[in-house]
Amino acid sequence: AQSVTQPDIHITVSEGASLELRCNYSYGATPYLFWYVQSPGQGLQLLLKYFSGDTLVQGIKGFEAEFKRSQSSFNLRKPSVHWSDAAEYFCAVGEETGANNLFFGTGTRLTVIP
Amino acid sequence: DTAVSQTPKYLVTQMGNDKSIKCEQNLGHDTMYWYKQDSKKFLKIMFSYNNKELIINETVPNRFSPKSPDKAHLNLHINSLELGDSAVYFCASSPRGHNSPLHFGNGTRLTVT
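Just so you know, the protein sequences line up as chains A and B, in that order.
So that you can map any letter, position 53 of the first sequence is 53 in the numbering used here, and since no number is skipped, the others follow by simple counting.
So that you can map any letter, position 49 of the second sequence is 49 in the numbering used here, and since no number is skipped, the others follow by simple counting.
If we strip away everything but chain A, and leave its shape as in the complex, we get (with noise of 0.2 Å):
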């Protein structure tokens, strides 16, 4: 069955420094990978996917991941964060039977410090 793991609940980093929020994701086939982003009191927002082809994939607000799957990973990076990016941050799978039924991660929570 599909999974995803998300192992740091939350993280701070100091406004301007890096991010790498980790993903791990348990599928028996090549992954529907998503990361989407909630501020607080909105919906979930896209970030990026992977579906095939280039394994590091451009979204928006300045966000990457990299499709590794050989450490069935899918880790979102941003190299200069923002007091903006301030929110919870979800790692998804999709699995192929067309349903269209995402399995989500527990969130990474992300504060800024100035």
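These are calculated hints, taken from the structure and not from any lab test.
In this text the structure is predicted, and so the values were computed from the model without any measurement.
It is possible that some hints are incorrect.
[What the hints assert, rightly or not] Computed beta-carbon distance windows for the label pairs:
hint, chain 1, residue 1, chain 2, residue 2, range
1, A, E66, B, S20, 18 to 26 Å
2, A, W83, B, A3, 22 to 30 Å
3, A, G53, B, V60, 44 to 52 Å
4, A, I113, B, K67, 42 to 50 Å
5, A, S39, B, T7, 33 to 41 Å
For every residue, glycine included, the Cβ atom is placed at its ideal position computed from N, Cα and C.
Use these hints to put chain B onto chain A, whose structure you have.
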């Protein structure tokens, strides 16, 4: 504005009551969903409708019943509310196509007292 909108934003009610949450999307999407986010932020799908047809129905109590009058609307009705139903409920939609990205509403925070 094009969006997924759900009402109400907050819902406080007593155990045993029946309540509904409404969702509408004007994105022209074919598929709509209900997700539940618990107090630990864990997000899990409850239902999915494609062109008014139920395609995903996860293990959810029968007290929860989705209704899709047309492909732009997916409402969630909950009977005999219980304390454990307290959560944030998110409506979402996506265009046709496998693993199309989801567009979420801003959520409805349900508190059962």
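Against the structure, the hints:
A beta carbon spacing of about 43 Å between E66(A) and S20(B) contradicts the range 18 to 26 Å that was offered as a hint. With their beta carbons about 25 Å apart, W83(A) and A3(B) fall inside the hinted range of 22 to 30 Å. At about 36 Å, the CB distance of G53(A) to V60(B) disagrees with the hint of 44 to 52 Å. Between I113(A) and K67(B) the beta carbon distance is about 46 Å. The supplied range of 42 to 50 Å therefore holds.
For the pair S39(A) and T7(B), the supplied restraint of 33 to 41 Å is violated, since their beta-carbon distance comes to about 20 Å.
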